[in-house]
Structure formats: C-alpha cells, structure tokens
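There are 2 protein chains.
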Amino acid sequence: MPRMKAGSETARQLRLLSDALDSGRLGPVRRLVNTLAPAEIGNLLESLPPGKREVVWGLVDAEDDGEVLVHVGDEVRESLLADMDPDEIIAAVEDLDIDDLADLVEDLPDTVIDEVLKSMDRENRERLEQVLSYPEDSAGRLMNPDVVTVRADVNVDVVLRYLRLRGELPDHTDHLFVVSRRHQYLGRVSLASLVTHEDTTPINRLIDDEQPAIDVGDGAQEVARQFTDHDWISAPVVDDNNILLGRITIDDVVDIIREQAEHQALGAAGLDEDEDMFSPVWRAMRRRLIWLTINLGTAFLAASVVGRFEDTIEKLVALAVLMPIVAGMGGNAGTQVLALMVRGLALGQVGASNARVLLWKELRVAGLIGITLGVVLGLIVWAWFGDPQLSLVIATALTINLLSAATAGVLIPLTLKRLGFDPALASSIFLTTVTDVMGFFTFLGLATIFLLS
Amino acid sequence: MPRMKAGSETARQLRLLSDALDSGRLGPVRRLVNTLAPAEIGNLLESLPPGKREVVWGLVDAEDDGEVLVHVGDEVRESLLADMDPDEIIAAVEDLDIDDLADLVEDLPDTVIDEVLKSMDRENRERLEQVLSYPEDSAGRLMNPDVVTVRADVNVDVVLRYLRLRGELPDHTDHLFVVSRRHQYLGRVSLASLVTHEDTTPINRLIDDEQPAIDVGDGAQEVARQFTDHDWISAPVVDDNNILLGRITIDDVVDIIREQAEHQALGAAGLDEDEDMFSPVWRAMRRRLIWLTINLGTAFLAASVVGRFEDTIEKLVALAVLMPIVAGMGGNAGTQVLALMVRGLALGQVGASNARVLLWKELRVAGLIGITLGVVLGLIVWAWFGDPQLSLVIATALTINLLSAATAGVLIPLTLKRLGFDPALASSIFLTTVTDVMGFFTFLGLATIFLLS
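Top line first, the protein sequences correspond to chains A and B. Last residue of the first sequence? That's 453 in UniProt numbering, and every number before it is there in order. Last residue of the second sequence? That's 453 in UniProt numbering, and every number before it is there in order.
Okay, chain A solo, but in the shape it has when bound:
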C-alpha cells in the first residue's frame, strides 16, 4: 500500500497551533494563523473542536474573515457566523467576489443580507441579484459577472492601452472575451497572445472562436467536465441568445470536483459532505439516526428470512454459524461492482448502450470467483464440520449469492439513476439488502432441501 503524504503539512500546522493554544499564550497563535492563506485557515478551523475554534476565529485578521468563510463547509460556517455581530459580517463579506458572495449569502441572517445589499453600489447589487436568480449548482450561480471584454475590430495596442487604463484584472484572467456591439460572445483572446504579438496585430487575427461557451443553465457537474476535458482556466458563460453574462474560473471548478468526491465518499455512508467533524452530539446523532434506522429496517427484512428457517437451524446449528459468511461475501463482492458502476455513471461512461455488456462481464467474473472461493470455502467447511453435503450446499449458495451481487451491483445504480436519484447515495443500502436476503435464503433454503429431507 502506498504511504500517505496527504495533508502532512496541514497536520503539522494543526499540531503547532494546538501546542500554542494549550500553552495559553495567544500572541504566537495569532502570528501563526495570520501567516496562512484563508483556505488554510479554514481547514484549520474545521480541525478544531468548538471551544478552540472560537478562540482562533477571534484571532484571524478581519480582512481575511470573508475569504475564510468562503472556504469552510456549511456547518462550520454556521458556527463561525454565530460568533460574529452584524457589523463584523458586513465588513467581512463586502469585498468578496460576486460568486463567492452569492455562495455565502444564503447562510446569512436576513437582517444582515439587507444590510449587505444596502452597503453595495448599484452595479454590484444588480450583479449579485442576477447571480442569485439562477438555481444553486448551475453555471449561472458559479459565474462572476466581472469580465473584461474587447472588440474584434481593434489592434493589440488599443487593447493594451485599455488594460493599462483599467488597471488590475479580475483573478485568474487568462483570456479576454471578444464581444459584439450587442454583447454577444464571439471568442476569446489569451493574454499570452497579447504579449507575444506586435502592437499592430488586429485582435480578430488572435481570436480563438473554437472553444464553446458555457450555457448559463448547465449544471455544476457539466461545467466541471467541460473544464477538465478542455483544460480551461476560465470560460465564458452565455444565455440562450449567446449574450455574455459572466465567467467561471478553475478555482471554483476545483471546489466542485472536491465537493463531488466528498459527496460520494460520505454519501455512501449516508452522510452529508458539509458535516462538521465536531458538530454537536445531538445534531450528529439525529442525522446518522435516519440512515441507521433505514438500515435497521433492512436488517429486519434479512432477519425475517432467517426466521422462516428456524426449524432448519434448530436441527443443524452449523447453519447459524456459517450463514453470515455467505451473506457477507456477497455484500463485499457486490460493493466492488458497485464502486466501479458509480464511478462509471459519474463520468458518464455507463449507459443503456453498454449496460448489457457490463452485466455479462460481471456475471462471468462473479461465476469464476464463486467457483474458486466456493471450493476454498467448501473444503474449510468440510474440514470443520466433517459434512461433505454441507460443503456442497455452502459452495453453491456462495456462487448464487455472488451472481446476485453482480446483478444487483450493476442494476441498482442504473435503476436509481434512471429514476432520477443519485446512485452514489442509496445504492449500497439496497445492495446489501439484496445480498443479505439472497445469501440467507439460498443457503438456508438449499440446506433445508438437501440436508434435512
């Protein structure tokens, strides 16, 4: 297994900070915290239990407050906002980019939102309202309306003069967007081409009009796919009439990819990616309870199958000893198929056109594994209980359950997706229900037929 180096630097900072906090002298803590980038501060705050978190949050430079709030999960953000009074919040958020502000604004108390809107100039307020008018997780919500545009019919020197007059460019500006008089998107010009071409070069010779623009209604996942497929740093966002509305940048896309990854990892365990590691016990409990209650229900379903065979078990207690093996192996094998399918669905690599081929492949893999491990399992059981018929029954039951597991592993995520649900979230609970029920049923059923009659 590869050795991990992930997060080692963060872990080191966390250790330093904890030591400084424990020593009780806040001067060194403040100095340490304020050498960090806002995202690093956010990461550290997420690592701290509530009491210490509040202390450190109070020591962060006021000018970093807004960026830190942008970089923490929803639940931690809530706990940080609870420690601020309205004036502090307004001061923290008023210098944020519009897309970041849009991301934050819904977590703010209503009275504070009004104050923030009042403190903005009209142009920015209208921009914020425009961004907020698009649904969450859409391109419109991710975009920043602050873009630098140029016309196609000028030369490089005109653009350079305009840029010098304008001064600072928005973060991550690698391209300027070329628009028509009606603000329709025509193409993009890279800063790299501006600095490598003579002053007299006409812009329309430098235009790249082959890259598609992002549709304002595209979902966040589709935006991320386009960025990674085309290796973009920034991309224009247009409406149905090809009017340029704003710009999405790679930093937001990286956040989408990371959130999606966390969503899949935590979602498979019935958790939310915004879960605070240190959320209050009551809250953590309530959220996990939903998932575990569903699990309790499916566990009773499996138990009721076992209950139908009480007579059989009474006569042959070895069945009770061995039945968890058949069920558990099915669950593990099915989880492997599921993991591949969920990745394939997320990448758009699995669909109606190749589902049948995949199912056939997985059934053959399951059959081969069933025969191999069935022989191993059968031999061990023979040695343990000295009953060759019991060996045959368990080997057969294992193979059947592995075939069920492969079928469920392929079909459950496909079905959930077709019904409009997120296969990353609910698949595993359905899968283990199938493998438990089928595992118990085939093993105890075969045993009843072949061992007791």
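Any given hint might turn out to be false.
[Claimed, not checked] Beta-carbon label-pair distances, calculated as ranges: (1) 85(A) x 106(B): 56 to 66 Å; (2) 420(A) x 107(B): 36 to 46 Å; (3) 133(A) x 287(B): 23 to 33 Å; (4) 259(A) x 62(B): 30 to 40 Å; (5) 58(B) x 182(A): 43 to 53 Å; (6) 240(B) x 182(A): 55 to 65 Å; (7) 59(A) x 356(B): 16 to 26 Å; (8) 287(B) x 167(A): 50 to 60 Å; (9) 243(A) x 181(B): 44 to 54 Å; (10) 106(B) x 26(A): 47 to 57 Å; (11) 356(B) x 74(A): 18 to 28 Å; (12) 94(B) x 212(A): 40 to 50 Å; (13) 54(A) x 94(B): 54 to 64 Å; (14) 55(A) x 204(B): 35 to 45 Å.
No lab work stands behind these hints, which were simulated from the structure alone. C-beta: ideal position from N, C-alpha, C; glycine also.
Starting from the known structure of chain A, fit chain B onto it as the hints suggest.
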C-alpha cells in the same frame, strides 16, 4: 436526494457513438470522434467494450493519439498501445509536453522508449531524463521544465519585446518567473500585471515574492494542497538550493485530485483506480479475488465466534435470527465514523492533537444512538418473540457494539496512518471484522449468561 446531471453530455456522446457504430458505417463515427477534445475521446474509449474500443481507436486522428493516451487510465492505455506499431507510438508521443511524456513513457515497450529518446533533440532528452529521475508522485515528476524566465532588473517593455521574439508561450502560462543570474527563483510576475502596467515600469516593482515555491521532493498530495489553498494556476518548482527546475500547472493538479478521489472510492472496495471497466474477465477476477479472500478470512473469524455458542443457539434459535442485526448495525454505524475520519485524515484535519476529543464525541453519539435504536429494536423483538429478557439482551448488545464501532472507526484509520498505510484502503475490512466479532460475541455472550442460566 439531488438529481444527477453529471456526465450527461458524455452519456449522450456515448449513445450517439454506439448508434453510429452499430449501424456499421464508420464515416459518421470518425467525424463524431474527431470533433471531440482528446480528454473526451479518452473518456469515450474507456466506456467502450474491447471490440468497439479498437475500432474507434483506429479512427482517431493520428495527431490526437498522444493526448488521448495521456488522458486514459493505465489499464486502458495498455490496451490501446497494444493496437499500435512502434512507428505509430513514436509519432504519437513525440509532440507531447515533457511531463505528459514522462507519465506515458513507463508504459511503453523498451524498444519504443529507445526510439522515442533517439527521435528527441538533446535538450528535450535531457529534460525528460531529469523529470524521470524523480520518484513517481513527486513534484519533480509532475513538473514541466519548459518555463519562461525573466530578470528583475529590466522594464516591462524589455520583457514584452523578449516575449514577442520568443513567440508562443507554454500552455497555462499565467506568470513569468523571475530568476537570478544563477537561475535562483526570486518571485513571479503575472501576465496580467505586464498588460496593465506602463512599458517603463521596472519588473522588480511587479514581482510577487510572497508565494512560496514548490519543493521538487514534495509529494503529489502536498502539491495539490498548495495549489488549492493558494488558488494557483501554475507554480515554480525549485531544488534545495532554490534553483528553478520547472513548473507545475493546474491541469495536472486537477488530475491528481480526481485520481485521489477515485483512489479513495475504489480503494475502499479493494480496487485500483486504474481498473478498466471492461478489463478481461480473468484479470478482473484475479484482482478482486485477493480482497475477497481476505474477507473470507475475516468472515471465518466472525463465524468461529458464533461457533463457540452453538449450544446456546441450539437452545434458543431466535438468537440465530437476530444476531445478524446486531453485527450489521455496528458495521453501518462504524462505516459512518470511518468515512468522516478518512476524509479528515486526507485533509490533514485529524491528528494526535484532536483524536481524543473526536473519540469522546463519537462515543457520546454512539451511546445516544445505542439507547434510541436499542429501545426500538428491543420493542420489536419483544413483540416478535414475546420475551422481555431477550429484548434487554439485544438492546444492550446493540449499544455495546455501537460503542465498539465508534472506537474502531476512530482508532483504526489513525493506527493505519501511523503505521504508514493508506487508511482509505484497509480501514473498512478491519472495521467490519471488529463489529462482526464484537456483535456476535456480546449478543451471544449476554444471551448465554442471562437467558440460559
């Protein structure tokens, strides 16, 4: 549950392509494929079963071959390379960036590597050899030695003249790097600042020397962390003497983040992130067999615990019916704790300094859940079997197993990490072993003491 829009565009392309392939006319397939970016072609190839994959691969424009090879997983890459003769491979890879070539080169046959090296000019060959001299997954291996450097003691107009003379810049050049005469890294100058400042501005007024450089020995995960924390597009790589060696760009970092996410999702099921969805059945089987054989071993461990209580079960068969519930609930609850811990460890948010606080929190959550679900479970069992003592035993066993699950969920990943193993890979198998063994042992043990004596 949120509706998925992920990968819908890719799925649409896949459908179109499959229909065209099934119709047997290759002209439309070729046209369709060659409107796509290399990453999209790679994604489609990964979605196709072997026969169709070879057909489509043969239709890809030769000039895209290299980029497509860069964008597929190791296993699919191998299958694509197997379809090419040495001349095709050399033609495909010779125009790649050095970092991409370094990534590919180890999958090439030795004879082809020699040919590729011979076909390169001396400078590029030396650069490739330099990059290959660093360990895989290190900054040195990710960097591209092709960087644009400037001196601090010149003005903007000198730099612009130099860039115009130089012509095209490497992809994703958002900053030029300022170096000393001895090629030591001094800081960076953004293209944005070059185009927004007057020709006469001295470069040393535009230098940003606050951003740290990446150490050539840093791991890929650490590189990704720095990029995301600082929102970089590109960053300089230096050696121990601060000599500038190359540059890492955000596109490589996005790949690292995606691979890490897949590594965690598939690794938890004992799979490799480079697994080809359509890998040959024998190969898929061999790889999964290792994991499932380990699982079989742990299942026998759990079964042997049940075996110790055969006498008890013989007297009270209801225990066999109910024991999977206690074990399974522990596994599910522990998986939730594990998911949070693995994320925390990957982000560096969990360490010795907060492990105790976390464990205490998780124990309280588990205790509350144990009491709540214990009451529910107890009432159902009472209603089902009409035995209040059995209810008490199962409720107590559940609570104890949930407490064990919380302890295992916190301590197993921490211990694996401390021992130098990847907690994402092996944690779940250890966890379910603990929850199965403890679940069976406490339930059957308590039953033996309180119900049979």
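Okay, the hints, checked on the actual structure:
no.: 1; hint: 85(A) x 106(B): 56 to 66 Å; verdict: holds, 58 Å
no.: 2; hint: 420(A) x 107(B): 36 to 46 Å; verdict: holds, 39 Å
no.: 3; hint: 133(A) x 287(B): 23 to 33 Å; verdict: violated, 49 Å
no.: 4; hint: 259(A) x 62(B): 30 to 40 Å; verdict: holds, 38 Å
no.: 5; hint: 58(B) x 182(A): 43 to 53 Å; verdict: holds, 45 Å
no.: 6; hint: 240(B) x 182(A): 55 to 65 Å; verdict: holds, 56 Å
no.: 7; hint: 59(A) x 356(B): 16 to 26 Å; verdict: holds, 23 Å
no.: 8; hint: 287(B) x 167(A): 50 to 60 Å; verdict: holds, 57 Å
no.: 9; hint: 243(A) x 181(B): 44 to 54 Å; verdict: holds, 51 Å
no.: 10; hint: 106(B) x 26(A): 47 to 57 Å; verdict: holds, 51 Å
no.: 11; hint: 356(B) x 74(A): 18 to 28 Å; verdict: holds, 26 Å
no.: 12; hint: 94(B) x 212(A): 40 to 50 Å; verdict: violated, 29 Å
no.: 13; hint: 54(A) x 94(B): 54 to 64 Å; verdict: holds, 58 Å
no.: 14; hint: 55(A) x 204(B): 35 to 45 Å; verdict: holds, 40 Å
Of the numbered hints listed earlier, those contradicted by the structure are 3 and 12.
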